[in-house]
Amino acid sequence: MKFGVIVFPGSNCDYDCYWVVKRILRKKVDFIWHKERNLSGYDCLILPGGFSYGDYLRTGAIARFSPVMNAVEAYARNGGLIIGICNGFQVLLEAGLLPGAMVSNKSLQFICKFIYIRVENDATPYTNLFHKGQILKIPIAHNEGNYYADVKTIQALNKNNQIVFRYCDEKGTVSKASNPNGAKESIAAICNKEGNILGIMPHPERASERLLGSKDGRGIFESIIKWIESKEAN
Amino acid sequence: MKEPKRITLELIKSHGLTREEYKRIKEILGREPNFTELGIFSVMWSEHCSYKSSKLVLKLFPITGESILIKAGEENAGVIDIGDGLAVVMKVESHNHPSAIEPEQGAATGIGGIVRDIFTMGARPVALLDSLRFGPLNNGRNHYLFSKVVEGIARYGNCLGIPTVAGEIYFDNTYEGNPVVNVMCVGIAYKEELIKGRASGIGNSILYVGSDTGRDGLGGASFASRELTEESERDRPAVQIGDPFKEKLLLEACLELLKTKVVIGMQDMGAAGLTSSISEMASRGDCGVQIDISLVPKREKGMIPYEVMLSESQERMVLIVKKGKEEIAKNVFKKWDLHAVNIGKVTNDGVFRVLDKGKIVAQIPVKALVDDAPVYIREKKKPRYLSQIKNFSVSQIFEPSNYNDILKRLLNSPTISSKQWVYRQYDHMVRTDTILLPGADSSLIRIKGTKKAIALTIDGNGGYAYLNPYEGGKIAVAEAARNVVCVGAKPLAITNCLNFGNPTKPEVSWQFKKCVEGMAEACRILRTPVTGGNVSFYNENPKGAIDPTPVVGMLGLLDDINHYCTPNFKKKGDIVILLGKLGREQELGGSEYIKLIHNLKIGESPRIDLKEEKAVQRTCIEIIEAGLINSAHDCSEGGLAVALAECCILSPECKIGALINFSPLIHHLLTMRADALLFNEAQSRIIISFPPDNFAKIKDFTEKNNVSFFQLGTVGGKGLVIERDEKKLIDISVDELEDYYYRSFSRSV
Chain S
1 MKFGVIVFPG
11 SNCDYDCYWV
21 VKRILRKKVD
31 FIWHKERNLS
41 GYDCLILPGG
51 FSYGDYLRTG
61 AIARFSPVMN
71 AVEAYARNGG
81 LIIGICNGFQ
91 VLLEAGLLPG
101 AMVSNKSLQF
111 ICKFIYIRVE
121 NDATPYTNLF
131 HKGQILKIPI
141 AHNEGNYYAD
151 VKTIQALNKN
161 NQIVFRYCDE
171 KGTVSKASNP
181 NGAKESIAAI
191 CNKEGNILGI
201 MPHPERASER
211 LLGSKDGRGI
221 FESIIKWIES
231 KEAN
Chain P
235 MKEPKRITLE
245 LIKSHGLTRE
255 EYKRIKEILG
265 REPNFTELGI
275 FSVMWSEHCS
285 YKSSKLVLKL
295 FPITGESILI
305 KAGEENAGVI
315 DIGDGLAVVM
325 KVESHNHPSA
335 IEPEQGAATG
345 IGGIVRDIFT
355 MGARPVALLD
365 SLRFGPLNNG
375 RNHYLFSKVV
385 EGIARYGNCL
395 GIPTVAGEIY
405 FDNTYEGNPV
415 VNVMCVGIAY
425 KEELIKGRAS
435 GIGNSILYVG
445 SDTGRDGLGG
455 ASFASRELTE
465 ESERDRPAVQ
475 IGDPFKEKLL
485 LEACLELLKT
495 KVVIGMQDMG
505 AAGLTSSISE
515 MASRGDCGVQ
525 IDISLVPKRE
535 KGMIPYEVML
545 SESQERMVLI
555 VKKGKEEIAK
565 NVFKKWDLHA
575 VNIGKVTNDG
585 VFRVLDKGKI
595 VAQIPVKALV
605 DDAPVYIREK
615 KKPRYLSQIK
625 NFSVSQIFEP
635 SNYNDILKRL
645 LNSPTISSKQ
655 WVYRQYDHMV
665 RTDTILLPGA
675 DSSLIRIKGT
685 KKAIALTIDG
695 NGGYAYLNPY
705 EGGKIAVAEA
715 ARNVVCVGAK
725 PLAITNCLNF
735 GNPTKPEVSW
745 QFKKCVEGMA
755 EACRILRTPV
765 TGGNVSFYNE
775 NPKGAIDPTP
785 VVGMLGLLDD
795 INHYCTPNFK
805 KKGDIVILLG
815 KLGREQELGG
825 SEYIKLIHNL
835 KIGESPRIDL
845 KEEKAVQRTC
855 IEIIEAGLIN
865 SAHDCSEGGL
875 AVALAECCIL
885 SPECKIGALI
895 NFSPLIHHLL
905 TMRADALLFN
915 EAQSRIIISF
925 PPDNFAKIKD
935 FTEKNNVSFF
945 QLGTVGGKGL
955 VIERDEKKLI
965 DISVDELEDY
975 YYRSFSRSV
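Protein sequences appear in the order of chains S and P.
Taking this note's numbering, the leading residue of the first sequence gets 1, the next gets one more, and so forth.
Taking this note's numbering, the leading residue of the second sequence gets 235, the next gets one more, and so forth.
Read the hints as simulated data drawn from the structure, not as lab findings.
Heads up, none of these hints are tricks.
Derived, one-sided and incomplete: chain P residues facing chain S with beta-carbon distance under 7 Å:
#1 PHE479
#2 LYS482
#3 LEU483
#4 ARG658
#5 ASP661
#6 MET663
In this text, all values refer to a predicted model and were calculated from it rather than measured experimentally.
Glycine included, every Cβ here is placed at the ideal spot set by N, Cα and C.
Go ahead and model the full structure; you've got the sequences and the hints to work with.
This is how it looks when you write it as structure tokens:
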């Protein structure tokens with residue numbers, strides 16, 4: 001089993017993801033430079049957080065044209081697992097691999113803090129070790145995490161069970177007060193219809209060790225591993 | 235810009251050079267300088283680059299110690315050995331003047347510069363800290379400066395992926411019109427991969443890399459070396475624009491390049507740009523350099539040599555690369571979409587020679603330019619205000635009738651209340667090493683692959699230094715050390731930034747010397763040598779000099795990451811003890827209490843006995859190491875009452891009250907007025923809490939170290955209750971404390 005962490009110029013959570021996969025979960029992992037065109041041999045791709053291309057123009061808008069993205073799209077079509085975290089989520093949106101867009105936080109400020117999210121769909125490759133309604137403590141760190149999509153898209157996301165996590169409070173209540181950035185329907189993470197691509201604003205790699213204040217995020221990586229292992233077993 | 239034909243007196247003066255200095259330049263050259271050379275001398279001999287007014291005083295600092303690998307002044311930043319083959323590189327720098335004019339870019343480029351100082355030494359930057367001072371927030375301009383400075387730091391630091399882990403902010407009239415913006419960067423390197431900022435090896439190439447050179451920041455070093463005036467707005471072009479994305483590429487490319495071993499030396503182009511970076515490298519390497527500025531990538535057309543040499547465009551660096559290995563270096567930069575060009579070479583004649591298309595445009599002996607800059611012993615005079623403020627006794631101020639209100643007002647004040655509004659705009663968790671989130675006494679950064687962590691803090695109190703520069707200097711160092719001690723780390727070394735007024739004013743010069751003397755004394759006794767730093771003079775506004783503001787960045791080392799401590803109370807029934815003394819009435823001087831409630835800036839600053847301080851710190855480290863206590867929190871601004879309130883609410887997940895009782899046990903010691911007892915800011919005090927079973931063991935440690943302590947009370951309940959002689963002085967619910975402490979700041983901004 002091998003993970004790949006894609007490195008765009010300006011990515012800055014690449015090493016954090018690498019660390020969790022390699023040192024915490026003890027799985028193989030490579031950095032993949034954004035000019036790479038061959039992605040064979042990987043069981044899961046991670047698009048890490050950061051400021052790819054300085055977030056100039058629009059978050060993720062330039063990274064989406066990096067050479068590696070053609071290969072990423074092909075990888076996605078073949079059903080490969082792709083998790084985009086924070087800026088990685090933004091890149092996936094810009095690339096059209098996930099629906100919707102990110103706009104500035106309603107506070108118009110960068111927000112870095114621990115928040116809570118609730119598992120809405122526990123049947124994805126990313127959440128199969130959780131149960132629906134489970135609450136995770138996990139940090140966010142973004143300027144543009146205010147998820148937006150038109151009414152039709154939101155309806156479809158709900159209907160197809162594509163909303164994977166919602167922002168909530170420590171008791172699991174989803175409300176305006178527990179929504180840190182103004183995201184539509186408190187959306188913190190979505191997947192595509194097929195379920196192989198996840199976009200998530202909070203940072204699971206920052207919540208994978210007790211020493212860092214929470215290890216709730218580790219379950220996302222462990223779910224991926226379980227999913228791959230069960231596929232390998234078949 | 236057009237090159238003037240003649241060097242006139244007017245021109246010399248406008249370059250900030252004195253007649254004597256100009257005479258000296260002529261002697262060095264044996265002729266009149268041309269315009270380019272005049273510009274080069276003016277920036278290199280500016281206060282900002284030459285430290286001409288501070289150099290002799292700074293010699294008072296102790297700079298050696300068992301863990302010092304590279305001493306202050308030898309390189310861009312000092313280097314400290316932390317074992318395991320690792321070294322810490324750290325430095326703090328001011329960007330006060332640019333931030334006063336253009337706050338967002340001023341602060342942002344401050345981050346850019348200090349980060350380059352760290353990675354050019356081969357270290358991976360792992361943390362940013364900042365120390366900020368502004369005028370009161372109720373003034374629109376101050377509010378604007380404050381919020382924009384925070385935004386500038388956030389935008390730049392967040393993009394780089396370096397966590398901003400700690401900082402401090404004060405608001406005081408003295409900083410009106412002249413804010414203090416000090417930024418600190420800390421990096422970690424493998425000892426054998428450290429790289430120097432020096433040129434050597436005759437014939438080796440000088441590579442230029444990074445952004446193109448423009449006219450921005452022209453004369454920034456000179457701008458930083460004079461007072462701000464009403465006309466300073468015109469200096470806006472002297473402030474540069476930052477490009478954090480470019481810096482991120484430079485950072486990654488440089489660290490990757492160092493693995494190839496083709497780099498001899500590396501230096502950031504900071505203040506005085508190309509001029510200072512290249513001449514300083516030549517000076518450190520005892521050699522000459524020759525560059526041709528026609529090869530320098532330029533952003534604008536028709537730039538004259540003077541402009542190219544003095545530009546302070548951001549995100550540029552120079553490297554000395556082994557001859558014949560230039561392509562290896564260029565290819566690494568190319569991978570990161572950066573363009574590196576060969577602009578010159580190292581020579582053996584000790585001359586800094588600048589060509590333009592082969593024609594000499596400047597030719598100056600390196601040593602004379604860099605090391606023989608004038609040094610001044612400035613006239614010193616004890617400021618008159620000091621004798622006027624001394625006469626203070628607590629009987630001069632009214633005694634409040636409702637202490638609940640007073641404590642709420644203090645918790646509510648911008649200087650004391652939580653800076654959540656600020657640090658939540660900074661990414662403080664990236665790199666996944668931040669063990670303690672901002673808000674604790676000190677940050678704590680684990681070092682992956684080891685059991686260790688480093689504790690970092692930045693601290694200073696201009697109010698104390700105003701009342702007594704010597705004591706204020708001592709306190710700045712001691713309190714920073716105490717902060718890292720509270721998390722369990724051993725203080726190792728400091729970096730510092732000294733923010734003062736115009737050094738040609740005898741009173742300012744006196745304050746400066748006294749303050750450095752105090753800091754040096756504290757560094758000696760606490761065994762935390764100075765690894766470098768920065769002096770920022772000319773911090774004046776139309777009303778006069780700012781309060782002397784020493785800022786100390788402290789590095790502490792924690793050997794075992796499993797034994798750290800946090801400030802908040804944790805368990806019902808734990809005993810609360812104060813390590814240190816209860817203080818004296820006089821120690822209300824310089825306190826937030828008399829400043830905020832009585833609107834006074836008067837009295838003596840707190841006094842500090844450094845031997846006692848050391849004993850308190852040793853005790854705290856020992857009892858944390860022994861696993862005896864559940865919390866430790868420094869007693870600082872706002873005194874005992876504020877510190878106790880913070881202990882109740884600093885962890886959002888573990889809010890708990892405490893019952894503090896000053897009677898009857900120590901009643902005989904307490905003749906002082908209640909406000910003095912609650913709010914005096916006596917030094918060398920730490921509040922700890924622990925299970926009752928550990929009492930005897932802790933007492934042993936305090937006796938061994940000869941540290942006095944007072945049992946204050948116990949943890950528990952829904953509020954902070956402070957009783958004296960069976961009378962409740964304070965009774966506030968934890969929820970209310972929290973509301974005042976956390977939410978007031980965001981309401982006022």
